[in-house]
Each structure stands twice: as C-alpha cells, then as structure tokens.
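Colleague: Now for the letters of each chain:
2 protein chains.
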Amino acid sequence: MSLLNLVRENLMNISSRRISRCFSRSATSKRPHFPCVEAHAVRESQLRQTTFGSIPSSVSSTDSSESGPEPPYARPNPKSYHVYHDPAPLELTYASPLPSFDVAYETWGTLSPEKDNAILLHTGLSASSHAASTALNPAPGWWEKFIGPGKALDTNQFFIICTNVVGGCYGSTGPSSIDPTTGTHYATNFPIVSIFDMVRAQFRLLDHLGIDTLYASVGCSLGGMQSLAAGWLHPERVGKIVSISGTARSSPSAVAMRYAQRSVLMADPNWNYGFYYDKLPPHTGMKLARQIATITYRSGPEWDLRFGRQMRPVLEQSPDKPRAPALCPDFLIETYLDHQGEQFCLKYDANSLIYISKAMDLFDLTASSLSANHLIIPSSSASTPTLSFTPHQTSHSKSHPPPANPPPHLIDLAEGMQPLSKIPTLVLGVQSDILFTVEQQRETADALRMVGNEQVSYYELGGVWGHDTFLLDVLNVGGAIRGFLS
Amino acid sequence: MSLLNLVRENLMNISSRRISRCFSRSATSKRPHFPCVEAHAVRESQLRQTTFGSIPSSVSSTDSSESGPEPPYARPNPKSYHVYHDPAPLELTYASPLPSFDVAYETWGTLSPEKDNAILLHTGLSASSHAASTALNPAPGWWEKFIGPGKALDTNQFFIICTNVVGGCYGSTGPSSIDPTTGTHYATNFPIVSIFDMVRAQFRLLDHLGIDTLYASVGCSLGGMQSLAAGWLHPERVGKIVSISGTARSSPSAVAMRYAQRSVLMADPNWNYGFYYDKLPPHTGMKLARQIATITYRSGPEWDLRFGRQMRPVLEQSPDKPRAPALCPDFLIETYLDHQGEQFCLKYDANSLIYISKAMDLFDLTASSLSANHLIIPSSSASTPTLSFTPHQTSHSKSHPPPANPPPHLIDLAEGMQPLSKIPTLVLGVQSDILFTVEQQRETADALRMVGNEQVSYYELGGVWGHDTFLLDVLNVGGAIRGFLS
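Same order as they appear, the protein sequences are chains D and H. Residue numbering for the first sequence follows this note's numbering, starting at 1 and increasing by one per position. Residue numbering for the second sequence follows this note's numbering, starting at 1 and increasing by one per position.
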C-alpha cells in the first residue's frame, strides 16, 4: 500500500500545484499543461523508481534491464485466506485442461455436522474472496453488510464459502500465476476460461470440503452467472439459486461495453500482449478501462442527483472573469471517474480483467450455444417437462409473465436451462442497471418458468444506483435474499 | 483517400492471414497473436512510410526527424465548399478573441430577393458543411435524404446554409488551423470555444450574406444545442427553432461518456499534448474514442436485433471441437465497433474532437450558468412574462406537461431560456437515445413552456436507432421538421 500512497501523494501535490495552470495560455509557455495526462507519466516514473519487493526467483525476465514494481495483487498474502491446491487437471470448456490449480477461499459461520447448510457465494468481476471480515483478515469485505449473524447471509444459520475465481488474481490460478510446466507467469498463454470452468473449480473445492449438496448458490453480476452455471452443471447438488443483476445470456450491449474496456487496456504499450509481469504494468490502460466500467456501474439519474453539473473548485478564480474551463476534468462527474480509475489501476491484474470479462461475454445458456460448445445438458434433467408458455403464478412479480409468443432466442434459452427446472430460483434486477438490464432479468425468469420451474421469485428494484445496487442496497437486496433463503 | 485505402487493404490482408492464428497456443510460438492490437502498430508503420503530400511550409516542426503523414482533413479541398474569411476578431465566451477566423459553408436552394427564406442548418460533432451533394461536390452529404426539392428541408422553398463549426477541421478555423500570430498550427493553444462562439461565427457569415433574419435555425445533436443558442443570442433574427436530439443543458452522463472518449484519446502518446500536426496522428486513441462514441450513438435493442450474439466467421474451425474464442473481437458487435473506429481514426482531427466535445459539455442555458459565464440575457427579452407552471395546450404531446412543482434546476433553466419565449420551437427526442435522453428533451420543452412559449411542438420517437435516429429516420424526423416548417 505504501507504493500506492506514495504515487497518490505525488499526484495530489502535482495536481494542486498545476491546477490553476491547467490549460493556461501564456506567451512564455508555448505548451499548455494537462495534469490529467501528465499524471500517467508521473505514475510511470514513480513506478520505475520504486522496486517494491523482489521479483520471485522463479520468474524469468525477458528484459531484465527493466526492474519491475510489484502491485499488491502480485504479492498475495495467503495467510489472510485459505488456498485449496488441487494437483489434478481442471477440465476447461474451450481449451486443454489446466494441469493443476489453486482456489483461494474464505468462510463465515459453521458447517453443520450434516454438512447441509453451506452457501457458495460467487463474486463480481474484480472481487476477491474477502466478502466480509474474518479472523484471518479483519478488514471489511466487499459484502460486509450482507454477511453475519442475522444478516442476508445469516452466519447463525449458514456456512458461507466465497472463492476467488479461476482466472482472477487474488490467490486462485490465473494469468498472473506461474505455469508449472514453464516456471514463468502464464500471461496470455493462460487458456480462455469459461464461467463453467470457474464453477468446476469451486465444486472441486466443495468435494475437498466434503460438501455434497449446497443449501444455496448465491451471486451478483458475474456471480449471478456463476450461480446459474452451478445449478446447470450440478442440479442435484444445488438446493436454491440466487442470481442478482446477473444474466443467463450476455447481451451485445454488455459485450460492447466490456470490449471497449479490453480495447483501451490492450492498446496500452505497457500491456505488451500480456507479458508485463516483470515490467511496468499497464496502469494507464487499467485506469481508462475502469473509467469506462464505472460509467456502466451507476446510472445517469444517480449522477444527476449526486453531481449534477457541479464543477471542481478552482484555486485562483477571478471574480470578474468567467471561470476558464480546461480540457482536463472540470465537472465533478469527470473527477469522480478519474478518481475511480486512479484507485483501481494498480489494484487488479490487467490480464485477469481481460480473461474474466471475456468469460462473461461468452456466457450463454441457450441450447444452441451449449451444444456448439459441447456442453451437454445433464441427463438427469432429460425427463423435465416440455416448454410451457403459461405463466406460473408463484412468481412474486405478476407484471412480467412469459410472453405468449416467445421469440426464438427465448425458446432456445429455455431449452438450455432445463437442468434448472426444479431448483427454486431468485432472480433480482434493477431498473436503472444499464449493464445487466431488466430485460435480461426478465428473460432469465421467463426461461425458467417456460421450462416448468414453479419456484421462481422475481424482483425488480427501482432506485438510481444502477448495477452497483447489489453492493449498496442492504435493505432491498439483502431483504429479498434473506426472505428467499429462509 | 489512397492512404486510407492502402492502410485498410494492408490491415485486411494481415487480418485474414492471422485470423485463424488469433490466440493460438502452440509449443513453438511462446506468445499468442493479437491482430486487433497489432493492427495499431501496422497502421503506424504504414503511416510512417507514407509521406502523403508535403508539409505546408508555414508549419514549423519541433522534431523534423519524423516525417508526418497527412490525413484527409489536413488537406481540405476549398474548391468543394465556400469559405468566408472574416479578418475581424471573434469574441469568445471563455477566452480572448480569435484574431480572425474562417467559416466553411455550403448552400442549397435559392435565397429569395427579400432574403427571408434562409435556414441555418447546424451539424453534429464530426460533420462537415457537406450536408448534401452540391454542384461543387457531388458526393452524398450526411443529410442527403433530408435536403432537396420536396424534402424535409425543401430547396424549392428555402435557402439552406450549413457551416463547419469553429473548432472543427473541415475548412473552418480550429486547432488544426495556422495561428496567424505564430505561423504554426494552433494545436492545444487554440482557445476553448463554446457553442455560443460557434453560433457567433455563423451570424458573422449571415451578416456577410446580407441575411438579417433566419426563417429557421435547425440542428440535430450538437446542432440542436447550436439551434437553441442561435435563438438565445439573436431572438429577433430567428423565426423558428428546430432542436432534434439536442439539449439545453448537457447531462452528467453525457459528460461522462465524452470524458471517457477524450481520456483515451489524450492518453495516446501520439496525441503529444495536441502537438502532432507534423508527426504521426493519434490514430489509436481516435479509434478507441470512436468505439466508445459508437456505443452511445445506437442502442442495446438495435444490437439485439442486428447482431444478437452472432460471432464472426472463423476460417479453420474443426467440427468436432468447440470454436476457440479469442481475446480479440469474436462477436459481430465487437467487429462492428472495431470497424467504426477504424473508419474514423484518420478522418477527423483529434483536437477538434476534444474541443467540440468539451464545448458540448459546457453548454448550459440555466440562468445561473449563463450569469457565471457573463452571458447576459438579451434585454429585448426582459419584458417576457414571468415563469408559468401551467402546461400550454398547443403542444403536440400532451403526455409530458411541465411538472406542477418543477425542481430548482428546471426553474433555473426556464429563467435562462427567457429569450426563447416567443420563438416557435420544435423539440424532438428519441426514447432509445442514451446520449441525449428523452428526459433532456422533456426538460427543454418544459422550460420553454414555463417561460411562456406557447408554440412548442414536442415529439418523442420510438424505434431502436438511439441517438443516430436523426440520420436515419427520414419518415418521422423528416416529416416532423417538414410539418413544423410549413
């Protein structure tokens, strides 16, 4: 963290010194200053000067003239979480198996003697297994207010397990891991992984823990996809499914927004085709990617309320002249995006972002996609009823019955989701979510009902928090989960 | 154009050769190929090799070791449009006056002897004055189907003038122009310009043409803002206003989306703080910026219909193995964004994109913003009626009456828009537009009605074309304009 603080402090000093000079046109200075652009170079220079820890000896450098810094994710603290190492290969959807793999995980609550009270919690894209504070790591987790005694995931009742996904960078095997066959970082020689692969690794952990059946599989965003995939792969091992702001089939607009992020990241020369682990990381590309992502995580109405058209304070403003605008951030919405990018750019591994966002794009539970990817619908579900087009009245929402004449893609999706026909499922979406739209949530619920699932709970939340609602709305999201699980 | 074609051809060859190798993991090749990233380097190499025309002698190079290519916008063809040169200074909202300026323009139809049939057509961000084909330039224009005999802008009846905005790169003075005081390109020493400044330059052209009063001011997107600004600056010289998918006050979410574009562009090392005119242009940054922009121009529902989850064809696919996905574009939505970026990256000047998008962000007709920027509400409108909160029944849309208890920003906006209280105005928006949302359109119409404008026509269009509807929907957009102008 001291590296991050050092860089941040330096940027703040430069920024306050230059803020009044931003875009100043003076006779003496031919070139205006752009603190928002100069910040990238400043950070790069700081990173070059700071050798933060030593490079693991097993890493061979292709260009040893450049000493590399080490972002926090490159030095995980395995004392703060558990790691399950599986020496056997992990089957992958699109590639040859991983020879072996690690899964980092944390737990809350107590596993019952019958081992029947386990909840597998799936994370969003960039989250670690640290969903809530533990004895090993007392720092607040990303879902701190949702996990604990009497909370949405009630630790008095349940044993919660949260993992870092395969492909991630917080202790599980991913592109930043050492490939045992070469002794160097996988980088972009890491295979493309699917949501199914992530879930397969999780179930290997469950096997190791002796947990045969989950009380529930719970997840938000990417975690919502995993939650559905868990039920699909192992319908007999999943008691209930919770999918919050997830989807059963990524939409082209979500693919577009993730593609824009991958594009700016991969265009950063520091990305170096993914081979940067012994060099400077692509911090500028990560910052730009996170700025775009942040736009998709909240909503226009929230920004209207929170920032409106307010501008950042200017140190030296003449009262008798209009405020001189800058080409760098002026409006608070801009400084907010800048700040979000800045906070993230050294915290998360660029390749993990690329691989996991790609896995999200590829997720598609339609029968045609599953079949094209050689994912065979489990035979145990072959006897499920044929598709039904009559809305089931057990839904909590009567407002969106399955369409009387469903479009072909919805029929295709229902056919693919047959394994989920008997698992009680909570589908919850947010109307202001532009990344996983309510149309996606309705589609998921519709397909489940069409395949005969009579225990679909469907909620749509209002509010202005967009996709991030699952992190913020303890009352409504937490309440819906608690009600559904009890 | 031959440079563009050369680059494009080269990219296509490389792309088809490498397409099957994309992300291939083989024992012999340690590093996977990324054609989508390599394309940037290929283009850069091509641009370095191709000296396209000679550098204008008046341009002093700060690094003459690097011979620069010349994108099409850097070699305008002033025989294909008219240029009005004004040797007198142009007053600017935020900076010292421009010492002199050019306005490129084209016209259609015939100016009446009374000079009372002129329509000033304002463009979107990246458009030139070439709205439709002319004798000087027979190529189709960006609004070809909207301009002509019997069309939305009927040349049998009206004399249409379209300009390239100040700040642009198609013949009007902008960052790529030569600063007469230094003899070099303005680059980012160009002053920040406002929408008002663009309109001031247009009215200087109208003065030159002897046109005292416009029959109408018409514009879409950025042009819609200019159209409102024209009426605001010169209420006595504007007969009617048409604002299609524009706004009276840029929203923070639109600022966010433009900020993301400026950020990726300014992070391209070739941008070089804006001083690239004698060097390689920031083609990669422009491509990335255009990809983001394209996401905001259309809509998710359109992509659902147009692309769905279709993937690009793969040359060598084994029928007995799943298709191997790539980290480069797989889905058609991705290749579409890639193509849109590719098409644009050398066509438009990066600095013009930055300056004009900033002008859009700054546009705000609220009384408080106008006053802070020393924009004085014209005295001729001081006698307008006080704000009214009763909806006027002359609107074509009864569905969105002004709110009974308008929020403070709407009252502020209505106060600022007093100069527009007597000008018949058409406000048209599109429900699937995520950049200039219908909320923005309603706000504009509400503010006009609140200030006593009894001739507000308000339309909301459905459909899936999003912001681009104004370029595509001849029937509905064209029809509404034709009806309103007649």
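No lab work stands behind these hints: they were computed from the structure. Remember, it's a predicted structure, so these values are computed and weren't measured experimentally. Be aware that a few hints might be false.
Claimed, not checked - From the structure, some residues in chain H lie toward chain D, with a derived Cβ separation under 7 Å:
1) F34
2) P35
3) P235
4) I354
Built from N, CA and C at the ideal position, the CB exists for glycine as well.
Colleague: Now look at each hint and say whether the structure bears it out.
Modeller: Against the structure, the hints come out as follows:
no., hint, verdict
1, F34, "holds, 6 Å"
2, P35, "violated, 11 Å"
3, P235, "violated, 22 Å"
4, I354, "holds, 6 Å"
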